[in-house]
Amino acid sequence: MADRWLGVVVSGEKVTFVDAEVDGDKPLILQGDQTLTLQPGNRAEAYSTISHQIANYVREHSIKRVVVKESAVSRNAATKALLQSAELRGVIMGALGAIAPTEVKSKASISRTFGERKVDEYVADNEFWKKEVKGVNLRAGSREAAMVLLAARKDQ
Amino acid sequence: MTLVSNLQVGPKIGNGHFGEVHSGTDDVHGPVAVKIFTKLPTETDADWQARKQGLLAEGKRLSRAEHANVLKVHALLESPTSDAVHLVMDYCPGGCLQKRFEAGPMPLADVRKYANHVTMGLAALHARNMIHRDIKPANILLNKHGAAQLGDFGLVTDNIIVGYASMQGYSDHLAFEIHQGSGTSVKTDIWALGMTIYRMIHGAEWYSRLPSPRHVVGKGGFATHLPFLPHVPKAWRTVLRTMMHDDTTARYQTANEALAAYSKLYTTPRWECDVTPHDVRWTCVHKKRKYFVVWEAAGSNVYNWSAWSEPVGKGNKRGWGSATGVNYDTAERNLTQLFAKIAS
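If you read the sequences in order, they're chains B and U.
Under the working numbering, the first residue of the first sequence carries the number 1, and numbering increases by one thereafter.
Under the working numbering, the first residue of the second sequence carries the number 1001, and numbering increases by one thereafter.
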């Protein structure tokens, strides 16, 4: 039986999430593809708002499982923007972890285990996405969020 | 259904069109607000029975509409004599936003905070296929944590706590398409929410100078011609004009879409604004200086304005601009440009 899963990628001050029905090895049936942006101003209030926004989405759409793309180690110095992005990722994980089983997937682990190619190659492959995802249109910028769902499905 | 004996109904705290609101207590929830619906003098027994059944049915739905930004309904109880229905709700000690609206313009940071709360509550109602139909400052209540909650959602047309005549507020919050004969919808709720946010930003004195929306919204182009206080940034105006667009397809289609648009709304610097019949005054602290702006009426369509800053600590007062004897449009344009200089 199909369940609704949510794949989440946090980048900068944006949270992109893909909501899809997952049913065995069948293509993901995409139900939603959205991006939330952190509000300017008081950061604590903005975190509270965005965490409620995404938590409300998970509740209202009966999401059964959440997969978040993990923070990656930067080869360069950790900038404030990078730290704040990780901060936001933690806020989102905390908000969603309280209401649905939430796990993290690193890009490196997906590259190692998903298939023969690296994640970025799958993300760039239009034919791959035509085959793997049906339903509402998946924005090209949201493919990483869908990729974490595919990787989590493979691990089942 | 019988009245639960542990509900103690206290003194009246407000009036409504259909009934009164009382404070109360019960053993489980502590302080509660109890709205008592009674048979109207003009109502037949059959009409009262029908309305009562409607209230009870809607009460069941409301009690399921649980959300942090929706006023919690604990129970809807019928009195033993069947001549009244008691709606038992959370008591909100912060009162309603109508009081804040009457006190004057609210800082943008506060408005956005409450707009966030209310929009999330509204999205939750819409997700349950409910339309609020009466969004206005008087129906937004502040709970003990300072969070805004939507109250009186579609059950009745009067308000819960303060007892203002609801028809006035309701009529001013009717979207263009309702004036054209269409019914209420998610999009009419979004229009009313836009109007509510506009009122919170501007306060009662400024709002009272507008032609009454109920008389002009139906003519079309209301949002396009809506005058904003000059400190309100362009992004805020765009969002509110989108929420109140005549064309429903140009409006935000869902409450969540409106909420996403709030991420464009800057709230600093924090201007404190006071509007009186004769002038508008602003102050804010920005980068260790306190800024002052005064806009005064000097005659029929004749205005003066002046602006200056003073250091928070030691230092000199500095002029920031002024004009005398200019018309409204010039003064408004000058001041809008002035405020934009220190916007985020």
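FYI, nobody ran anything at the bench for these hints, they're computed from the structure.
Hints may be right or wrong, so weigh each one.
[As the list claims (entries may be wrong)] Just a few of them, taken from the derived set where beta-carbon distance is under 7 Å, the chain U residues facing chain B:
hint, residue
1, Met1120
2, His1126
3, Ala1127
4, Asn1129
5, Thr1283
6, His1286
7, Trp1308
Quick caveat: nothing in here was measured; it's all calculated off a predicted structure.
Every residue, glycine too, gets a C-beta built ideally from N, C-alpha and C.
Status of the hints after comparison with the structure:
no.	hint	in the structure
1	Met1120	6 Å, holds
2	His1126	9 Å, violated
3	Ala1127	4 Å, holds
4	Asn1129	12 Å, violated
5	Thr1283	19 Å, violated
6	His1286	14 Å, violated
7	Trp1308	26 Å, violated
Hints 2, 4, 5, 6, 7 from the earlier list are contradicted by this structure; the remaining hints agree with it.
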